[in-house]
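4 protein chains.
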Amino acid sequence: MAKLNWGMIGGGEGSQIGPAHRIGALADGRFTLAAAALDHRPDVGREYAMRLGVAADRAYGDWTEMLAGERNRPDRVDLVTVATPNSTHFEITKAFLEAGFHVLCEKPMTVTVEEGEEIVRIAEKTGRICAVNYCYSAYPMIRQARAMVRAGEIGRVRLVVTSFSHGHHGDATDADNPRVRWRYDPAMAGVSGQFADCGIHALHMASFICDDEVTTLSADFASTIPSRELEDDAMVNFRTARGTVGRLWTSSVAIGRQHGFDIQVFGETGGLRWASEQPNQLIYTPVGGRTQIMEKGEAGLSDEAKRLSRVAIAHPEGFPMAVANIYCDLADAIRGEVRDGLPRAPAGLRSMAAVHAAVASAKAQGAWVDARPPMFR
Amino acid sequence: MAKLNWGMIGGGEGSQIGPAHRIGALADGRFTLAAAALDHRPDVGREYAMRLGVAADRAYGDWTEMLAGERNRPDRVDLVTVATPNSTHFEITKAFLEAGFHVLCEKPMTVTVEEGEEIVRIAEKTGRICAVNYCYSAYPMIRQARAMVRAGEIGRVRLVVTSFSHGHHGDATDADNPRVRWRYDPAMAGVSGQFADCGIHALHMASFICDDEVTTLSADFASTIPSRELEDDAMVNFRTARGTVGRLWTSSVAIGRQHGFDIQVFGETGGLRWASEQPNQLIYTPVGGRTQIMEKGEAGLSDEAKRLSRVAIAHPEGFPMAVANIYCDLADAIRGEVRDGLPRAPAGLRSMAAVHAAVASAKAQGAWVDARPPMFR
Amino acid sequence: MAKLNWGMIGGGEGSQIGPAHRIGALADGRFTLAAAALDHRPDVGREYAMRLGVAADRAYGDWTEMLAGERNRPDRVDLVTVATPNSTHFEITKAFLEAGFHVLCEKPMTVTVEEGEEIVRIAEKTGRICAVNYCYSAYPMIRQARAMVRAGEIGRVRLVVTSFSHGHHGDATDADNPRVRWRYDPAMAGVSGQFADCGIHALHMASFICDDEVTTLSADFASTIPSRELEDDAMVNFRTARGTVGRLWTSSVAIGRQHGFDIQVFGETGGLRWASEQPNQLIYTPVGGRTQIMEKGEAGLSDEAKRLSRVAIAHPEGFPMAVANIYCDLADAIRGEVRDGLPRAPAGLRSMAAVHAAVASAKAQGAWVDARPPMFR
Amino acid sequence: MAKLNWGMIGGGEGSQIGPAHRIGALADGRFTLAAAALDHRPDVGREYAMRLGVAADRAYGDWTEMLAGERNRPDRVDLVTVATPNSTHFEITKAFLEAGFHVLCEKPMTVTVEEGEEIVRIAEKTGRICAVNYCYSAYPMIRQARAMVRAGEIGRVRLVVTSFSHGHHGDATDADNPRVRWRYDPAMAGVSGQFADCGIHALHMASFICDDEVTTLSADFASTIPSRELEDDAMVNFRTARGTVGRLWTSSVAIGRQHGFDIQVFGETGGLRWASEQPNQLIYTPVGGRTQIMEKGEAGLSDEAKRLSRVAIAHPEGFPMAVANIYCDLADAIRGEVRDGLPRAPAGLRSMAAVHAAVASAKAQGAWVDARPPMFR
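Chains as they are written, first to last, in my numbering: chain U, 20 to 396; chain R, 20 to 396; chain H, 20 to 396; chain Z, 20 to 396.
Looking at chain U on its own, in the form it has when it is part of the complex (with noise of 0.2 Å):
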């Protein structure tokens, strides 16, 4: 089976995503890369691409360049990347799935829920694959929990609980750094600082093992460090379209938690917890056991996470294989098996409308709030 060719926008050297994304789409051997336009500084980009094998001619300067480039080639890439800066992501994710070009979009895939629907709507015209990097998603045990979940071995699901807060931001000291700054100011952050950046994953977890969507929001932001425009720490309470109450925290100034991306999913008849610094268990708890751990690798797991896992029980596989996973949903799909876990552009017009509802409650106090966007009501 011939390799797919994979075209990279963003991500360039010393960027943290470039790499999770070479290691996610090279791992598997499913694709090669094969053209890509990887800095902002064209040359810079150009030399970094054929540094990493990229032929000469495809070592694009730019994303219009590697429109251009690649459009009528025959041997053009199957796939695009775009791991550009949050605001760039909406005009060229547009431009590409328009030219006939399947799409992996980083989060936030848009800014406006407008631009969120308008690319829901372009994908579904071209009929292009239109995917969003919620990477945590492909881990085995999340897509397990999410089997276990349609398999109704938990009953109906009353409550989900998340978070997604870390302390990595809570240096006062610190917080005029331009890397840390740039994501409390309105003007480049947009409109919601940590909520927008981790929020919105531990949202679409909650959302993608229950699959339901939630429906209303209300949220109490806070800018725990004074000079801060936009909020640090963020709790969201919300229900969804099938009735289960969510709460949802999320913070950077929570300071010895390195990651803290953790959830918990309660059912009738049981419980399952999974946390992102162990994500090769997941622990379940029946009504009326005992704890159970369940072990990535372990007899009798679903499909889903056996065919997302690569090496033996207790081997941990970590985060850059949940982005392989991603690739592998992309591969799939591209060749034409669709995988339902796929994340796509409704979940990522979702993450934006509900960005915008959190914020307008928060403005009003933790009123209630319609958190979908205008088209899915």
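Calculated from the structure, these hints are not laboratory results. Do not take every clue at face value.
When the alpha-carbon atoms are kept at most 27 Å apart in a straight line, the in silico BS3-like pairs for lysine-lysine are as follows [what the hints assert, rightly or not]:
| hint | chain 1 | residue 1 | chain 2 | residue 2 |
| --- | --- | --- | --- | --- |
| 1 | H | Lys382 | R | Lys22 |
| 2 | H | Lys382 | Z | Lys22 |
| 3 | H | Lys22 | H | Lys325 |
| 4 | R | Lys325 | U | Lys382 |
| 5 | R | Lys22 | R | Lys325 |
| 6 | Z | Lys144 | Z | Lys113 |
| 7 | Z | Lys22 | U | Lys22 |
| 8 | U | Lys382 | U | Lys325 |
Please arrange chains R, H and Z on chain U, whose structure you already have, making use of the hints.
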């Protein structure tokens, strides 16, 4: 040093709280169980008291008998513990305080805010100790956390996040079991279910460690088992007098969480974490530094942590010893050495004000309300 | 039910083991401290005893005085606890047993195997209880483990692996501190250092849970701090009467391990794991199945586990309550309800035989030696 | 920088080790799978190689074909991975080294000590790299531990304690399953079962972190499932060239332990602990200080730890990335930047000497024997 005479009301055979109080009072040899009215069935209570070594003439049939019997004895009890059903706490505590006895009252101290204010006034007027059994606050590593916050070791506190969430009422098929049902029935439990039962422990703990008071709050209540009139799950956001942001989640349907009481305190220069299932450790992270595991009994702890530890480092001390620490503080206070960590009537009153505020907020779709009792506004 | 009269020898003010015994004996209200000889300085001991509530005429200067004073009293103590320096255990225990008292002796019960055999014979002859304070075996979840092994829930036991390794003597600059040094000085500690101090707890535990006895062993001793004559680290491989393979590691230089007592039992159809730093859980894995977390207080535990728990599930009970469980078993045994979990003189003797066997093996480069006392061969 | 050409022998479809090598070699984009002989069934291997993107003329039927085919190509493979059955490692590795290829050999490198010595000599003579896949040693936090020991951060190492114990062969009813049985059959597995399979990883790790070599050892082997000729459980005590005391336990019947590879290193001024199920943390305790949790990706780690980390702190990197780190070291070494952490033929030889020494010791009732290969004595 002669032992102090101790009297107990409620907490009869088979009750859960009774043994904890008896171990707590007796373990350190500072109290003798001298009088008791242990059961709502007078004969049963008398008989059990005598089995516990109480003299026949001080094994009372009910609390009024005990009050009458003890009032004028020269060797009358130094301390009365009130461990009766919640609705009776006010009346009994009031009567004994007014008769000049020191009292340890189980939580909740009262049912209404007005009653709470009355107890505070009586305690003040009589000069008697009215303690409330927020026993978790007496764990050595909680006292350590409080000492560290006071000493500025984590700087100004920005954020406190706490949960007290278990799953022991998560089985809908058991919801009509009388042992469970009363907790969600307003006729028996009052205005609040899970928040009044467990949430106030967490709220007290947040105030206790931070040496601060809750001023306003916003609540989201849910009855995830629909037959329940009162909430079995609640999220409460709050703010404190010093401007700290607070987040409190409490649930009784979190299947798989056995006890689930934990607290995280995040300040300008560090974070602290503690969980009741591993109470002998306090996890501390200085900003920009590594997470450290502090252990009960290690060198260099605060005086309070040292005073309330009994056995060497890494020999766990559990819940009964936390209750015993409340009795240690009481014995010292009765003898005139006041321990400022001992939770007293104002703490009990604040809890009741918070319960009523949370109920009001939840009814008003999470509107922010004043959480303070009128007398402390 | 009248309380039993209890006498204590050793364990004076400032000692570590004294408070554990007093809490253990008093917490459940079954014993009164009626007599005591607490300190090697007669006046100090008498004064402290009186401060603890002992009547002046029963606050003795030393154990011989106490023996003389108690021997003929009609209200003489029902139980004597011996918590004096190791080298005196034999003499005191022997004297009190022969005078018809029940005795709880701290470990090690004796210094030599011959003395141990003599104590076993005296206890048999007099019909008095001679218990040894292997208190870890009284944790509810250890009793549960034993019950499960006995019930065949993990099948024939193939392998038991235990360690008791801490780092509190790991600082060479503190090695001459008298509080530490004596433990590695044969003149004061006898033939063995760390193995006799902590290792025998682990060895007892292995036998206790498996309901089995060590028959042969091979030891590797090391003095990792060279100035020490006796071992501060030891590995002991052993075999039991039923053919189980055993592995025991004990160390006092394992810097970072605070307590480090744990045990794993592997049978034909399952495995069990327990650690003293989280004593309220027992980890159970059926062969081919998932690991389950068993909790003190959960439904369906063995009678022994239930009997020795005081507070609800997930309210931790720690080391002092384990000691209290030994006193519960003693109180029952004194009143005629024999508890077969109570560790007695034969267990104390077997430990001493194992210590001497391990020393001999270590000297003979790990040769396998008989670990049984002659009287049990 | 052009990619290096990589060839793979063994590790065909359905094998466990194959995917780990492919991910390891491909994930960082430094190698291309250019040639392969993947299966003992020539056609199956060729077909699979082509599916993996290998050109038809380099999809070989067996290793001899591959050697002949690659030997004289100008674009011949830069590195050959040998992942065939253990008994063939020696012959293949020897042949490729002698033909001037660099080799990564799966462990065990050889079956006999003599063969191991021969490989060491050939690697020396040819100047080719002969690496052995002790991939756990390539986890960033293991490299960090080694760097800390080298820098004297825990002082002279007194004691190293390691285990590699799982329970996946603990089911006697599955013991005749061919997938399991061969491991305990001397005809197929050689002189040792579990120690040769897992124990040598732990032994290598101890040497690796401590930068030291095992000199003598004493072993206790057990076949806890009686039908097994070779051991399924082993304890090995050892001493190193620098006088460190070592303790190693390995088991395949430890039901409930999924992976169970951990190591603890105790020095004069501190202790380190690591476990493969949470590989991104290293637990460090300075003598007299608090235990600290070190995290992959935290500030201030050693150059080696930094170089071998890909994603940010608390984003776990697992087993496949550890294998990838071996390939990183190989790519660097091939290009002339030698990485001293890369395990090479002498490490493979020392393992075989230790296996034979342990077998001899176990047969001699644990007698202490020389564990060094003759050429290193």
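Compare the distance between the alpha carbons of Lys22/Z and Lys22/U with 27 Å, and conclude whether the hinted pair is satisfied. OK: Lys22/Z and Lys22/U at ~16 Å, within 27 Å.
Take the C-alpha atoms of Lys22/R and Lys325/R, compute the straight-line distance between them, and say whether it is at most 27 Å. holds (23 Å)
Does Lys113/Z sit within 27 Å of Lys144/Z, going by the straight-line distance between their CA atoms? holds (12 Å)
Against the 27 Å threshold, does the CA-CA distance of Lys382/H and Lys22/Z hold or violate the hint? Not OK: Lys382/H and Lys22/Z at ~59 Å, beyond 27 Å, violated.
27 Å limit on alpha-carbon distance, applied to hinted pair Lys382/H and Lys22/R: Violated. Lys382/H to Lys22/R sits at ~54 Å, over the 27 Å cutoff.
Are Lys22/H and Lys325/H close enough, with their CA atoms no more than 27 Å apart? holds (23 Å)
Distance restraint between Lys382/U and Lys325/U, which requires alpha-carbon spacing of 27 Å or less: violated (44 Å)
Are the Cα positions of Lys325/R and Lys382/U separated by 27 Å at most? Roughly 46 Å separates the two Cα atoms, so the pair is violated.
The structure fails to meet hints 1, 2, 4 and 8 from the earlier list, while all remaining hints are met.
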